[in-house]
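Since the structure of chain B is already known, use the hints to place chain L on it.
In order, the protein sequence lines correspond to chains B and L. Going by the UniProt record's numbering, the residue at position 397 of the first sequence is 397; the numbering climbs one at a time, nothing skipped. Going by the UniProt record's numbering, the residue at position 54 of the second sequence is 54; the numbering climbs one at a time, nothing skipped.
Warning: the hint list may mix true and false statements.
[Claimed, not checked] Subject to a maximum C-alpha distance of 27 Å in a straight line, what follows is the list of computed DSS-like cross-link-like pairs (lysine-lysine): (1) K149(B) <-> K241(B); (2) K114(L) <-> K453(B); (3) K317(B) <-> K336(B); (4) K114(L) <-> K293(B); (5) K336(B) <-> K149(B); (6) K110(L) <-> K453(B); (7) K444(B) <-> K110(L); (8) K127(L) <-> K453(B); (9) K299(L) <-> K238(B); (10) K110(L) <-> K293(B); (11) K46(L) <-> K78(L); (12) K231(L) <-> K444(B); (13) K444(B) <-> K407(L); (14) K78(L) <-> K453(B); (15) K453(B) <-> K272(B); (16) K272(B) <-> K336(B); (17) K149(B) <-> K407(L); (18) K444(B) <-> K78(L); (19) K444(B) <-> K103(L); (20) K293(B) <-> K78(L); (21) K293(B) <-> K273(B); (22) K407(L) <-> K148(B); (23) K114(L) <-> K444(B); (24) K136(L) <-> K109(L); (25) K457(B) <-> K78(L); (26) K127(L) <-> K444(B); (27) K444(B) <-> K136(L); (28) K382(L) <-> K231(L); (29) K420(L) <-> K395(B); (30) K127(L) <-> K299(L); (31) K273(B) <-> K241(B).
[What the hints assert, rightly or not] Not the full set, but computed from the structure, chain B residues with beta-carbon under 7 Å of chain L: (32) S170; (33) P175; (34) H177; (35) N354; (36) L447.
In short, the hints are calculated from the structure, not lab data. Here a beta-carbon is modelled for each residue, glycine too, at the ideal position from N, C-alpha and C.
What follows is each chain in one-letter form.
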Amino acid sequence: MATSLSTPKLSTTLSSSTLQTLLYRHKFSTQNHSPFIIFPQSLSSSSRYSSSFNLSKKALGFLSDHRRNAILKSRRFATRADSTNGAEPRYDYDLFTIGAGSGGVRASRFASNFGASVAVCELPFATISSDTTGGVGGTCVLRGCVPKKLLVYASKYSHEFEESLGFGWSYGSEPTHDWSTLMANKNAELQRLTVDVDGKLYTAKNILVSVGGRPFIPEIPGREYVIDSDAALDLPSKPTKIAIVGGGYIALEFAGIFNGLQSEVHVFIRQKKVLRGFDEEVRDFVAEQMSLKGIEFHPEESPQAVIKSSDGSFSLKTNKGTTEGFSHVMFATGRKPNTKNLGLETVGVKLDKNGAIEVDEYSRTSVPSIWAVGDVTDRMNLTPVALMEGGALAKTLFANEPTKPDFRYLFSQPPIGQVGLSEEQAIAAYGDINVFTANFRPLKATLSGLPDKVFMKLVVCAKTDQFDATIGVHPTSAEEFVTMRTPTRKIRNSPSGGKADSQAKAAAGV
Amino acid sequence: MSRKMLIDGDVGETTEETHYDFDLFVIGAGSGGVRASRFSAQYGAKVGICELPFHPISSEVVGGVGGTCVIRGCVPKKILVYGASFGPEIQDAREYGWQVNEKIDFDWKKLLHKKTEEILRLNGIYKRLLSNAGVKLFEGEGRIVGPNEVEVIQLDGTKLSYTAKHILIATGSRAARPAIPGQELAITSDEALSLDELPKRVVILGAGYIAVEFASIWRGMGSTVNLCFRKELPLRGFDDEMRALVARNLEGRGIILHPQTNLTQLVKTEDGIKVTTDHGEELMADAVLFATGRLPNTKRLNLQAVGVEVDSAGAVKVDEFSRTNVSSIWAIGDATNRMNLTPVALMEGTLFAPDYSNIPCAVFCIPPLSVVGVSEEEAIEKAQGDILVFTSTFNPMKNSISGRQEKTLMKLIVSAETDKVIGASMCGPDAAEIMQVGIHPSSAEEFVTMRSVTRRIAAAGKPKTNL
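Same shape as in the complex, but just chain L:
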């Protein structure tokens, strides 16, 4: 996006003589915003960026440099997953000969304190990255006033106005809260990453990666976890076989699944929050987490007045170059609700027209799931010709000693005609690391031993070919 902007140069509505305060003004200093700012500055642009003041829990008036990923997403999430993983590992260690005292303690406060230290450290680093690149950072709420004008409302209320040749919206997204009676008693992922105490009993509503990851996190720390979701399996949109394995693994670890279930009511009691499901079941919880989706942060940007189009969810509409319908205004990252992943936001902030095919991603449940390319269902629906599916299922060697019954599943989807891999997925330890580079051996060698087709799926309506 940044390169396209600068190569385009003249955006057609201004003369060469027009002076702008900035070549580029960015609203939102998260993954996408910081990337676009730094790279544009490296190409010689004069860049300004604004961001809300720092707070671990976001709102319409607080956020922080680094954005969701650094402050209340990827980074703290992974720290908590690491913390939670030690629990079951310590159990496994006993079978390897380790004599561990029965009395093992987990101090949630200590972990969260260290988490906060780390995100503050990264927040500082991101600020330094911006200043090192010569990008001017403003603290306050940004909004768009005109095609080439922005306004920053500072903490004391004063407004600063700037003109910019290009404006970039990179305001990210926030957790949605379903309108369930008693919803004010529930928390979202923001609060979950900053709780004072470890909730001993948790009810989670949601089926996406956030719900599943938190289920694994709290369960690993020893809490009782109930996971409620509307469909039969969590992680809709992922390969069905993988979804089934994830569900089995979650149950194997002691998480109680409630498929095809919604919540109807939350009530505060002396013993905690009483949660009622649409099956009439009552669950008691110290914390109820809503993880039912995230919505783009575009409400206060004044987009309507400027004429920038958004869709029904509030996402900014953009073309393949991340340009809005107003030629001097651009948008990237979660605010556009395309693929809400940090590396994608980074890519959108860097390249011309990013390639969205074959973007790998991971769900950091325990054990994790990682995928790239098409799922089996997508392949059946979209691919031309026959599909070959190769799978390998096994209990990893480490479990042979620990006695843990938890299978790893690795899968390749291949186009029979071209013999090309069009999808790959893995659910098992280190899946995220393995899916990218296929470092050898570990479980990765299973990929290279997949010689026999597990099943072949004929293209619909085409005569079946002989294998």
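Only chain B is shown next, with the shape it has when bound in the complex:
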């Protein structure tokens, strides 16, 4: 994955007790501003900047519907800061972005490419996010996709060592893992991707809120002993025995990571199965394969308390009992948008009950000149989707219309890739579908002797079934998709609304 983010490192750092947010001038901006006082964290005005802020406030918040609609019409095609449109004031920037993560940076760069003047602001860098720390690159680069994938790579080697034995390799002594080397190299890589910032203040015709999300941990006794994913990516030492609470992708990915790095891993989930929302067959398959690797699942257990013992280890108390002896307890129980202290309500930006910014299909908030993309809107919290939302917004503001794909990829081990609808969703949407599956031991595993299996599935709308003429690359696993000729099962929904009647058929041979 290439990260092309790079901005000049500015030398001056302003600090003040009111400093919550640092700004930097985006490298595409050509306007020259004299240094202003620091921009506060919230959008609510402060007396020092009242002149510029009143202007913004007037434009943003408390307009009559009529006035807002008039601006709406004119805004869509006159979003340049310097466009003189009668009473329209001149702004420092066409677009001001709060939050330099995936969505924010993408929207800013693209807007700039379309000729807009853009500025972005971001919290100073830290591996653990908080109300006052973040970093250019955002969750994806600093405490999400990138470090996660590096850790997944690291953890896969134990499996590779095991596999290699079947291919003739042998080791004088069994390889062991040194966590601190991994952390040091991982952090060096992250340092390479961050920048220092400077402090300035600006006004803008359009404001983009792309402040992302943060891990959510419920309020239970012993919460202070719990680590989240941010901390898990930067632990001082490797867990010997870890309890991971959660059944989503973050929980499972970390379960795979720590299991691969030779920790003892226990996963506690509230549901019966992991990965709610994913295809049922896939959920079963993943859990089975992970169990084979030694990960222990505790289904239908809800966390009630975390207790620290005298020897320093932790116990996790659930509705079913207490499990002891953990060196670490991690909660991967969801993420919430970072909107708590932004003061959005005072300017009229509507939030939902989780704190996500409500937006329309164009990523516009309830305030016509304020927009939001990425995790802060809690739509599909994936980097490529944030990129798409950001790019689409740049087009909306400074060119034309957005579109949205639907896909989902997960780095559990074994990794899952899902595109389009799950079987259950397809049945609901299309009625008549054909399902093709392949469940096999890949060539590599026949030699390694390990119990790894591959599961692949195609869900096809029965009317437009079209995979016969496709030809595959050989030998690979992907070519299995093109050998799926005979449906594993056909599901037909009668028009009278009867229940789906599925018939299982044996999968075709080679």
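This is chain L only, laid out in the frame that chain B set:
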């Protein structure tokens, strides 16, 4: 081919009353032959098939059910590539925090033993597939006696004769050996996949995928590898930019390239085989691999007597339905020397008139190359109108920690007029998996970030358009 055969039914020279022992008799039970047999049997045909007795190293009298792909091609090749890949991976693991003993051993014999177990297992499976489909398998050498008659020479010398409404030639191909003095000291890919010991020093002559793959395999296992080829770059016929990257990667991994070089002589010495190049250089080798091409296996089929036409290389000439000039005789797979790939042989054995455009393929060097559609050079030559080329070059994230300096290159060739992708290629980890399905993310997302044209090539003789 099988469907066409059966729908055609009456081939015009026989009456409905003629009784044949078989509706279809297939000579050669490799990828194409087994596919055609099984599918024809599924459509209700009575099918017979013959194949030489099993041996990992093929000859005019030995082969085996499963054919080249299963026994001495795709499958064992991929197993060896997996085996070889672990070497460099183990090195990379250290940067990810793994403490690996300096003393790492690779046991070639163990890998080859497991390889043999696997190909025997598959050989058994292929036999079962045939019997499950009701196809009658004969062990022996097959030849064509007449338009509707075949003969199988069994191991004990006895000959069996059968009549068949249709005959299918699916005898595949074998490695060519150039006439270089001392050539008997060299091995081909067959032997390479069955060597007793890992050759510590290897000289490979050839520039195609087989040469390049073996270079990567042995280098990954720690051997010294010298790769000699006639042109400036290996993999002639592939996109030039990709060829250059493959060459750079091979060198980056420590393979010594000798471009524009041929071998003039092989001599056996106490220290191994002394190889002399046409530049006067002398190389010492424990094994010399000739990977200079493969030729169709048609010499002993008695084709001339029956009137089946072959080309100068010995490939059976066929029309788009895989039919020879004798209307009851058909040929598919490597014996016809069209696109010598297993999935293509499978396709030829199944469909009416297969579509040869946009067939993806891969070269399993390390890291691998995979392509579909036209190369940039082919596009310039053949496409109408302007060509847009999109590329993305980067060092994959995994290398950022391991410190390996090995770039991945991904490329799209687009017709400017139709905005359609007419060619795509990638050289980098997992290229073969990625090129087919574009599973997301991994490096595949680079494909969807290619927005800016890297270069635009105007159609020759046409006025240049403005971008």
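Hint by hint, here is what the structure shows:
A distance of roughly 22 Å separates the Cα atoms of K149(B) and K241(B); the hinted pair therefore holds under the 27 Å criterion. Of the supplied pair hints, the one linking K114(L) and K453(B) holds, its CA atoms being roughly 19 Å apart against a limit of 27 Å. For a cut-off of 27 Å, the pair hint linking K317(B) to K336(B) stands: about 24 Å separates their Cα positions. Restraint check: the Cα-Cα separation between K114(L) and K293(B) comes to about 23 Å, which is no more than 27 Å; the hinted pair holds.
Restraint check: the Cα-Cα separation between K336(B) and K149(B) comes to about 22 Å, which is no more than 27 Å; the hinted pair holds. Using a Cα cut-off of 27 Å, the hinted pair K110(L) and K453(B) holds, with the two alpha carbons roughly 23 Å apart. Proximity of K444(B) to K110(L) is assessed by CA-CA distance (about 15 Å); at most 27 Å being required, the pair is judged to hold. Of the supplied pair hints, the one linking K127(L) and K453(B) holds, its CA atoms being roughly 24 Å apart against a limit of 27 Å.
Note on K299(L) and K238(B): the hinted pairing is violated, with a Cα-Cα distance of about 65 Å set against a maximum of 27 Å. For the proposed pair K110(L) and K293(B), the alpha carbon gap of about 25 Å is at most 27 Å, so the pair holds. A hinted pair counts as satisfied when its Cα atoms are at most 27 Å apart, and K46(L) with K78(L) does not qualify at roughly 35 Å. A threshold of 27 Å between alpha carbons decides the hint, and for K231(L) with K444(B) the separation of about 34 Å lies outside it, so the pair is violated.
At most 27 Å may separate the alpha-carbon atoms for a hinted pair to count; K444(B) and K407(L) meet this at roughly 25 Å. Distance restraint check for K78(L) and K453(B): the Cα-Cα separation of roughly 18 Å lies within the 27 Å cut-off, and the hinted pair is therefore satisfied. Between the alpha carbons of K453(B) and K272(B) the distance comes to roughly 23 Å, so the proposed pair stays at or under 27 Å and holds. Note on K272(B) and K336(B): the hinted pairing holds, with a Cα-Cα distance of about 24 Å set against a maximum of 27 Å.
For the given pair, K149(B) sits about 18 Å from K407(L) by alpha-carbon distance, which is consistent with the 27 Å threshold. Taking the CA atoms of K444(B) and K78(L), the gap is near 9 Å; set against the 27 Å cutoff, the hint holds. Pair hint K444(B) plus K103(L) holds up; C-alpha atoms about 24 Å apart against a cutoff of 27 Å. Between K293(B) and K78(L) the alpha-carbon distance is near 25 Å, which keeps this suggested pair within the 27 Å criterion.
Simply put, K293(B) and K273(B) have alpha-carbon atoms about 17 Å apart, close enough for the 27 Å limit, and the pair holds. Between K407(L) and K148(B) the CA atoms are separated by roughly 22 Å; this keeps the pair inside 27 Å, and the hint holds. Distance restraint check for K114(L) and K444(B): the Cα-Cα separation of roughly 11 Å lies within the 27 Å cut-off, and the hinted pair is therefore satisfied. Restraint check: the Cα-Cα separation between K136(L) and K109(L) comes to about 36 Å, which exceeds 27 Å; the hinted pair is violated.
A C-alpha spacing of about 24 Å is found between K457(B) and K78(L), which places the hinted pair at or below 27 Å, so the restraint holds. For the proposed pair K127(L) and K444(B), the alpha carbon gap of about 22 Å is at most 27 Å, so the pair holds. Taking the CA atoms of K444(B) and K136(L), the gap is near 32 Å; set against the 27 Å cutoff, the hint is violated. With a C-alpha separation of about 23 Å, the suggested pairing of K382(L) with K231(L) holds against the 27 Å cut-off.
The suggested pairing of K420(L) with K395(B) holds, with an alpha-carbon distance near 23 Å, which does not exceed 27 Å. Simply put, K127(L) and K299(L) have alpha-carbon atoms about 26 Å apart, close enough for the 27 Å limit, and the pair holds. Simply put, K273(B) and K241(B) have alpha-carbon atoms about 22 Å apart, close enough for the 27 Å limit, and the pair holds. Taken as an interface hint, S170(B) checks out: its beta carbon lies about 5 Å from the nearest beta carbon of chain L, inside 7 Å.
The beta carbon of P175(B) comes within 5 Å of a beta carbon in chain L, closer than 7 Å, and the hint placing it at the interface holds. The beta carbon of H177(B) comes within 5 Å of a beta carbon in chain L, closer than 7 Å, and the hint placing it at the interface holds. A distance limit of 7 Å between C-beta atoms decides the matter here; for N354(B) the minimum to chain L is near 26 Å, and the interface restraint is violated. Of the supplied interface hints, the one on L447(B) holds, with its beta-carbon coming within about 5 Å of a beta-carbon of chain L, less than 7 Å.
The earlier numbered hints that this structure contradicts are 9, 11, 12, 24, 27, 35.
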